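Chemist: Turn these sequences into a full structure, and let the hints steer you where they fit.
For the protein sequence lines, the chains are H and G, in the order given.
The opening residue of the first sequence carries number 1 in my numbering; numbering runs sequentially from there.
The opening residue of the second sequence carries number 337 in my numbering; numbering runs sequentially from there.
A hint or two may mislead.
[Claimed, not checked] The following label-pair restraints were derived from C-beta to C-beta distances:
(1) V438/G / D6/H: 26 to 34 Å
(2) G394/G / I326/H: 49 to 57 Å
(3) I374/G / D135/H: 16 to 24 Å
(4) N129/H / M597/G: 45 to 53 Å
[What the hints assert, rightly or not] Okay, derived cross-link-like pairs now, BS3-like style, lysine-lysine, Cα gap no bigger than 27 Å in a straight line:
(5) K25/H / K42/H
(6) K47/H / K437/G
(7) K442/G / K303/H
(8) K346/G / K43/H
(9) K442/G / K61/H
(10) K61/H / K397/G
(11) K442/G / K397/G
(12) K442/G / K42/H
(13) K47/H / K389/G
(14) K442/G / K652/G
(15) K383/G / K106/H
(16) K53/H / K10/H
(17) K53/H / K383/G
(18) K138/H / K346/G
(19) K101/H / K639/G
(20) K639/G / K25/H
(21) K372/G / K106/H
(22) K470/G / K43/H
(23) K138/H / K383/G
(24) K383/G / K368/G
(25) K470/G / K652/G
(26) K389/G / K361/G
(27) K379/G / K138/H
No lab work stands behind these hints, which were simulated from the structure alone.
What you are looking at is a predicted structure, and each value in this text was computed from that prediction instead of being measured.
For glycine and all other residues, C-beta sits at the position ideal for the given N, C-alpha and C.
There are 2 protein chains.
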Amino acid sequence: MATTLDDIAKETGLSRATVARAIGKYGYVSKKAREKVIAAAKKLNYKPNYIAKSMATGETKNIGLIVGDIQNPFFSTIARAISDVIVPEGYSLIVTSTDEKVEVEKTSIDRFFQKQVDGLILAPVSRSNSDHLKDLVKSEIPIVLIDRIIEGLDVDMIVSDDLGGGFEAAQYLLELGHRRIGFLSDTLDISTNYDRIAGYREALSKYGIEEKQSWVKLGGFTIEGAYKSGVSLLGQNKDITAVIATNNYMAAGLLLAAKDMGIVVPRDISVISFDDIVWFDLCNPPITSVAQDTREIGSMAAKRILMNIRGQRYEKGLTRLPTRLIIRESCTSPRD
Amino acid sequence: MATTLDDIAKETGLSRATVARAIGKYGYVSKKAREKVIAAAKKLNYKPNYIAKSMATGETKNIGLIVGDIQNPFFSTIARAISDVIVPEGYSLIVTSTDEKVEVEKTSIDRFFQKQVDGLILAPVSRSNSDHLKDLVKSEIPIVLIDRIIEGLDVDMIVSDDLGGGFEAAQYLLELGHRRIGFLSDTLDISTNYDRIAGYREALSKYGIEEKQSWVKLGGFTIEGAYKSGVSLLGQNKDITAVIATNNYMAAGLLLAAKDMGIVVPRDISVISFDDIVWFDLCNPPITSVAQDTREIGSMAAKRILMNIRGQRYEKGLTRLPTRLIIRESCTSPRD
DNA sequence: ATGAAAGCGCTAACAG
DNA sequence: CTGTTAGCGCTTTCAT
Numbered sequence: 001m002a003t004t005l006d007d008i009a010k011e012t013g014l015s016r017a018t019v020a021r022a023i024g025k026y027g028y029v030s031k032k033a034r035e036k037v038i039a040a041a042k043k044l045n046y047k048p049n050y051i052a053k054s055m056a057t058g059e060t061k062n063i064g065l066i067v068g069d070i071q072n073p074f075f076s077t078i079a080r081a082i083s084d085v086i087v088p089e090g091y092s093l094i095v096t097s098t099d100e101k102v103e104v105e106k107t108s109i110d111r112f113f114q115k116q117v118d119g120l121i122l123a124p125v126s127r128s129n130s131d132h133l134k135d136l137v138k139s140e141i142p143i144v145l146i147d148r149i150i151e152g153l154d155v156d157m158i159v160s161d162d163l164g165g166g167f168e169a170a171q172y173l174l175e176l177g178h179r180r181i182g183f184l185s186d187t188l189d190i191s192t193n194y195d196r197i198a199g200y201r202e203a204l205s206k207y208g209i210e211e212k213q214s215w216v217k218l219g220g221f222t223i224e225g226a227y228k229s230g231v232s233l234l235g236q237n238k239d240i241t242a243v244i245a246t247n248n249y250m251a252a253g254l255l256l257a258a259k260d261m262g263i264v265v266p267r268d269i270s271v272i273s274f275d276d277i278v279w280f281d282l283c284n285p286p287i288t289s290v291a292q293d294t295r296e297i298g299s300m301a302a303k304r305i306l307m308n309i310r311g312q313r314y315e316k317g318l319t320r321l322p323t324r325l326i327i328r329e330s331c332t333s334p335r336d
Numbered sequence: 337m338a339t340t341l342d343d344i345a346k347e348t349g350l351s352r353a354t355v356a357r358a359i360g361k362y363g364y365v366s367k368k369a370r371e372k373v374i375a376a377a378k379k380l381n382y383k384p385n386y387i388a389k390s391m392a393t394g395e396t397k398n399i400g401l402i403v404g405d406i407q408n409p410f411f412s413t414i415a416r417a418i419s420d421v422i423v424p425e426g427y428s429l430i431v432t433s434t435d436e437k438v439e440v441e442k443t444s445i446d447r448f449f450q451k452q453v454d455g456l457i458l459a460p461v462s463r464s465n466s467d468h469l470k471d472l473v474k475s476e477i478p479i480v481l482i483d484r485i486i487e488g489l490d491v492d493m494i495v496s497d498d499l500g501g502g503f504e505a506a507q508y509l510l511e512l513g514h515r516r517i518g519f520l521s522d523t524l525d526i527s528t529n530y531d532r533i534a535g536y537r538e539a540l541s542k543y544g545i546e547e548k549q550s551w552v553k554l555g556g557f558t559i560e561g562a563y564k565s566g567v568s569l570l571g572q573n574k575d576i577t578a579v580i581a582t583n584n585y586m587a588a589g590l591l592l593a594a595k596d597m598g599i600v601v602p603r604d605i606s607v608i609s610f611d612d613i614v615w616f617d618l619c620n621p622p623i624t625s626v627a628q629d630t631r632e633i634g635s636m637a638a639k640r641i642l643m644n645i646r647g648q649r650y651e652k653g654l655t656r657l658p659t660r661l662i663i664r665e666s667c668t669s670p671r672d
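Modeler: Shown next as structure tokens:
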């Protein structure tokens with residue numbers, strides 16, 4: 001059995017209350033008593049029991065994180081960034097993956113609720129299916145949404161300038177001379193994709209180009225799913241000269257598909273992806289990408305949560321972090 | 337304030353104990369009483385408080401995971417695999433990164449202890465500095481070590497056949513005709529590296545080759561660190577014709593270094609890396625690698641922990657998962 | 001400055 | 001089948 005405050009109380013002959021004050025560094029304790037307690041604590045190898053503490057204080061010092069897939073470098077970067085700000089403050093990160101399924105999101109939220117996390121950081125699965133989030137927001141638990149927007153929710157949201165990013169990517173290709181540009185994405189129910197495509201469309205229309213419906217292909221959110229969508233996108237649109245991928249999974253699937261189909265990048269097709277990751281630099285060819293400030297999304301979210309927990313006031317709301325086009329070698333002018 | 341069992345008891349006119357039994361599905365409860373309770377629970381939107389439950393049962397339904405860096409695809413894959421087995425069983429995953437620092441490992445373990453996790457999965461930082469792990473193992477908390485071995489510890493360990501992998505990688509290069517082979521690694525204090533290098537040395541000696549000291553370069557465990565080590569390895573050993581990288585971070589650093597130094601893979605130098613990841617397939621050239629059964633490491637660890645928690649008996653000890661050489665295009669015969 | 005005691009929400013004997 | 005009661009380990013008034 002682990003040693004408790006009572007053990008120390010017995011050992012020192014003091015009361016539990018005094019010992020608690022000495023250990024917890026609050027209230028009045030005489031220097032002598034404190035020293036006795038510290039000594040006894042060390043001798044008995046006392047470790048405070050957080051569960052009991054939580055029970056009494058209502059704080060767990062745990063923050064929940066719900067993302068699509070913690071294995072996705074985009075999300076694991078965010079997880080690390082969050083961790084880096086909360087761990088020094090005594091908090092721990094509980095992570096779970098939804099695979100972008102609303103049901104899983106709901107049960108995850110429920111579980112975190114029951115486990116009494118002090119705050120929740122969430123990349124919401126669906127713009128349309130979000131009533132459960134409304135209830136969440138009404139609860140007292142601090143929450144911040146990352147990467148994706150839910151309309152009409154009075155909550156902190158930290159996202160990238162996806163519309164701008166989509167526009168910039170498309171514009172870059174258009175300037176290069178491309179006129180038939182595909183877009184590989186997963187569900188539009190994620191605002192990130194929706195906005196990126198909106199940006200892409202804005203650019204197309206600015207250049208007077210009429211988008212063909214088959215240019216935008218929506219597929220599963222795994223690399224395997226993206227591969228299939230990539231094959232179908234490329235197969236159905238032989239005349240396409242460039243493709244934008246909405247994230248690194250989509251890019252991987254697309255690149256793999258192109259490779260298998262004997263389509264050479266950028267000779268046959270130019271490619272831009274969102275989600276800048278190291279390996280883009282090492283790809284053949286190095287992939288031009290729209291970089292988000294991924295770590296900053298995590299850091300900001302964590303800081304907001306902490307302020308929120310501590311009851312510090314700040315203006316709650318939507319923050320859009322700018323994106324940055326990183327030009328590498330996966331885009332050239334079209335051949336024809 | 338959230339509704340408690342007491343509220344339901346009051347609402348239904350039953351006792352708290354009966355309500356608890358109905359909710360917790362244990363012990364005898366009449367059908368009528370159960371229905372009343374369920375109805376009241378729904379009406380009052382009751383959510384069980386896990387903290388209180390933990391307090392009473394001593395179980396938190398939380399599993400701790402301590403790795404070098406959750407952002408590393410190798411570790412995030414493991415995290416996901418663990419998650420996939422424990423979440424359906426009602427457990428949650430608390431993750432933390434050590435940056436391979438012993439001090440951080442110690443404080444992380446302490447914190448998890450205080451938070452009363454039901455089990456701990458750990459990629460230990462150091463073979464030599466592991467006394468704190470001895471204490472840990474003596475405690476009652478279920479623990480399994482992953483990816484790395486600590487000698488003389490009576491604990492579950494799930495690792496890859498690193499010696500075999502190192503041997504196979506080196507042998508492959510030797511068969512190709514290479515005679516001067518570098519090895520880029522981080523600290524030898526991690527058994528994984530130690531064993532991989534041992535395998536490499538075994539292969540060298542089998543082929544009657546005397547290793548030069550400058551061939552093995554140890555560097556920081558980040559991509560940036562690996563880049564520097566890569567530059568120095570390549571700079572100091574102009575005659576080297578092949579390099580083995582001990583993990584994907586090392587490979588990234590090495591490849592980036594080679595690129596900047598105008599060294600072309602595989603024309604000037606052949607490269608093999610451990611840690612097979614998707615992007616190896618998309619690299620220029622696609623990287624030959626020693627793949628570990630990464631997901632399985634996580635799954636097994638999780639299953640062990642669960643069995644352990646449940647007091648199910650099984651033979652505790654070391655499991656070595658076989659590695660697999662995946663040949664792509666980053667190795668050729670040396671030019672000279 | 002210290003101690004006594006109540007209470008956080010739930011579980012688990014035990015008695016009935 | 002149900003109710004009573006005693007904790008789990010810590011915090012936190014309220015007295016002293």
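Chemist: Going back to the hint list, which numbers does this structure go against?
Modeler: Numbers 8 and 20, in rising order.
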